[in-house]
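Numbering (the UniProt record's numbering), first residue to last: 1 to 111.
Honestly, the hints are just simulated from the structure, not real lab data.
Being a predicted model, the structure only gives us computed values, none of them experimental.
Check each hint, because a few of them may be wrong.
[To be verified] Subject to a maximum C-alpha distance of 30 Å in a straight line, what follows is the list of computed DSS-like cross-link-like pairs (lysine-lysine):
{"id": "1", "residue 1": "Lys79", "residue 2": "Lys111"}
{"id": "2", "residue 1": "Lys34", "residue 2": "Lys71"}
{"id": "3", "residue 1": "Lys111", "residue 2": "Lys34"}
[What the hints assert, rightly or not] Cβ-Cβ distance ranges computed for the label pairs, FRET-style:
{"id": "4", "residue 1": "Pro22", "residue 2": "Lys111", "range": "24 to 32 Å"}
{"id": "5", "residue 1": "Val47", "residue 2": "Phe95", "range": "38 to 46 Å"}
{"id": "6", "residue 1": "Ile58", "residue 2": "Ser84", "range": "21 to 29 Å"}
{"id": "7", "residue 1": "Leu102", "residue 2": "Cys74", "range": "20 to 28 Å"}
Note that CB positions come from ideal geometry on N, CA and C, so glycine has one too.
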Amino acid sequence: FPIWSRNTAPFYDLLIYVASWPMARIEAWRTLLKARAIENQCYVVGVNRIGTDGNNLIYNGQSLVIDFTGKILCDAEEKDTIISTELSFENLQNFRTRFPFLSDGDSFELK
């Protein structure tokens with residue numbers, strides 16, 4: 001549901017998603033995180049679980065940090081680990097100045 005993440009004024013710089021995407025649908029997880037970063041011109045952190053649940057669904061991690069262009073900055077892959085990277089506010093602002101489409105979005109209301 002991309003509308004829940006829609007970047008509206010005052011614009012935010014980072015979205016954080018904590019999820020339980022199973023291995024069977026992990027490519028959708030990765031694709032949707034990139035889409036949210038690009039369409040909202042912001043950094044995205046996606047934190048996904050690892051292990052097996054009570055229904056024998058397997059979760060293989062794939063936690064990511066993605067920049068505003070959809071580029072993966074840091075990828076935990078299938079590891080149970082901590083990842084970190086630096087985010088540049090200056091680079092984000094420069095990109096938004098060069099491609100100022102955020103303010104062109106239609107207004108909306110969630111009910």
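Each hint tested on the structure:
{"no.": "1", "hint": "Lys79 <-> Lys111", "verdict": "violated, 39 Å"}
{"no.": "2", "hint": "Lys34 <-> Lys71", "verdict": "holds, 8 Å"}
{"no.": "3", "hint": "Lys111 <-> Lys34", "verdict": "holds, 26 Å"}
{"no.": "4", "hint": "Pro22 <-> Lys111: 24 to 32 Å", "verdict": "holds, 30 Å"}
{"no.": "5", "hint": "Val47 <-> Phe95: 38 to 46 Å", "verdict": "violated, 24 Å"}
{"no.": "6", "hint": "Ile58 <-> Ser84: 21 to 29 Å", "verdict": "holds, 26 Å"}
{"no.": "7", "hint": "Leu102 <-> Cys74: 20 to 28 Å", "verdict": "holds, 24 Å"}
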